[in-house]
Amino acid sequence: MRIEVRDNLFDPFAEVSRYQQQHLPAGKYGATAVFVGSMRDFNQGDAVQQMTLEHYPGMTENYLRKIGEEAASRWDIIDSLIIHRVGEIRPDEPIVVVAVWSAHRGDAFEASRYLMEELKARAPFWKKETLHNGSRWVEKNTPAS
Amino acid sequence: MRIEVRDNLFDPFAEVSRYQQQHLPAGKYGATAVFVGSMRDFNQGDAVQQMTLEHYPGMTENYLRKIGEEAASRWDIIDSLIIHRVGEIRPDEPIVVVAVWSAHRGDAFEASRYLMEELKARAPFWKKETLHNGSRWVEKNTPAS
Amino acid sequence: MTIAVKFFASLREQVGTGEVELMPEQARSVAEVWSQATADQPMPANTLMAVNMDYVDAAHPVTDGDEVAFFPPVTGG
Amino acid sequence: MTIAVKFFASLREQVGTGEVELMPEQARSVAEVWSQATADQPMPANTLMAVNMDYVDAAHPVTDGDEVAFFPPVTGG
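Protein sequences appear in the order of chains P, D, G and F.
To convert, note that position 7 of the first sequence is 7 in this note's numbering; the numbers rise steadily by one, no gaps.
To convert, note that position 128 of the second sequence is 128 in this note's numbering; the numbers rise steadily by one, no gaps.
To convert, note that position 28 of the third sequence is 28 in this note's numbering; the numbers rise steadily by one, no gaps.
To convert, note that position 2 of the fourth sequence is 2 in this note's numbering; the numbers rise steadily by one, no gaps.
To be clear, the hints were calculated from the coordinates, so they are not data collected in a lab.
Since the structure is predicted, the reported quantities are computational estimates derived from the model, not experimental observations.
For each residue, glycine too, the CB sits at the ideal point set by N, CA and C.
Hints are supplied without guarantee of correctness; some may be wrong.
[Stated by the list, open to error] Distance condition first, Cα-Cα at most 27 Å in a straight line; then the derived DSS-like pairs of lysine-lysine: (1) Lys-140(P) - Lys-28(D); (2) Lys-6(F) - Lys-28(P); (3) Lys-66(P) - Lys-6(F); (4) Lys-140(P) - Lys-66(P); (5) Lys-128(D) - Lys-140(D); (6) Lys-28(D) - Lys-140(D).
[What the hints assert, rightly or not] Away from chain D, derived, C-beta distances all over 10 Å, residues of chain P: (7) Met-1; (8) Ile-3; (9) Ser-73; (10) Val-86; (11) Gly-87; (12) Arg-122; (13) Leu-131; (14) Asn-133; (15) Ser-135; (16) Arg-136; (17) Trp-137; (18) Lys-140.
Sequences and hints are given; from them, build the entire structure.
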């Protein structure tokens, strides 16, 4: 399991691919589920020019690890990766990538969904959006579906 | 939506990344859910050396497209990609990649899961495994979870 | 014209051929296509059937120019 | 030693500081930490609280050396 908080742009698919090559045992995983959250250029009907992601250093990593360990205890997974961006972000840039490797697809799908929902519910990150006429804190996340 | 059946090795994450760059409107998708099915080197307790994937040309593509259209009608998705390998495959190589782009994560997660379950249930592909002492057809897919 | 009959995967190996053609007057349903094309071999219980690349059941009618396929449960993905 | 108090995001802006220190005798619970550190500002209803980087409620005790944090609902991912 790897947990990372990054303050610079990353390529989520290249990161997943690299992690897989370096850490996963060849031929053992049959299922890889990946989720990427990206910055949209609109929210709640307004154009968003930029976003600043604040976090609580230390607690953020603790909770990402805790969530990863919970997923590993609930599902039969081989490995997982979470990378989350902080700092200034522009539209279309990735914010988060979550990847889960498992022997079977059910475990991979469900664990990746769990990681994302728990991350959004419990990991201490906060988004502030820059609009054309000022900025605002995002008050709450969208529900799961 | 792109549907492809390929008889050569592909890099699933590079394919998803390239498709995204070429076809997705920047800043409009907030959620990308990707699933990759890979060949394991074991199945039902036996070491598997190689696999041959047969399909029904024409019907396979029709059903992948049908499944993709069903997902697009059920969930609010922006685009989707399905690539499935056929022919001779070695352990650790990707068999299938499914990617769904949406404004919201619930739609992306659920549509990608739907694509995989329906693909496994209805798309005419058949796996034959080569073991050290001969070969066997895989008789049925593992259940969803 | 004719009816094109296809067999895939383990059924292809079992029947001994991947493709045969029937004259339209030889079969009016998918079940009759199977009997004619396989010389009355028993059809495995889990056999799937398609006419013109859509799933159908054994009672489905066939007509001149149809493509009829038989195959075992699918195992892709 | 002291109690380190942190505020994040909109609460940091509202309280006007990101970090203050209290003497341990000033507060025995998270609620008392808030009152002391904010000069009795009202606490927004949806405020989240952590002691030593674990979520707690307002009644949670605090002791010398603790790190206490207040922040709004999280919005990552």
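Right, here's what the structure says about each hint:
no.	hint	in the structure
1	Lys-140(P) - Lys-28(D)	20 Å, holds
2	Lys-6(F) - Lys-28(P)	45 Å, violated
3	Lys-66(P) - Lys-6(F)	22 Å, holds
4	Lys-140(P) - Lys-66(P)	22 Å, holds
5	Lys-128(D) - Lys-140(D)	11 Å, holds
6	Lys-28(D) - Lys-140(D)	39 Å, violated
7	Met-1	19 Å, holds
8	Ile-3	19 Å, holds
9	Ser-73	17 Å, holds
10	Val-86	17 Å, holds
11	Gly-87	18 Å, holds
12	Arg-122	16 Å, holds
13	Leu-131	14 Å, holds
14	Asn-133	19 Å, holds
15	Ser-135	18 Å, holds
16	Arg-136	17 Å, holds
17	Trp-137	18 Å, holds
18	Lys-140	14 Å, holds
In summary, the numbered hints that this structure violates are 2, 6.
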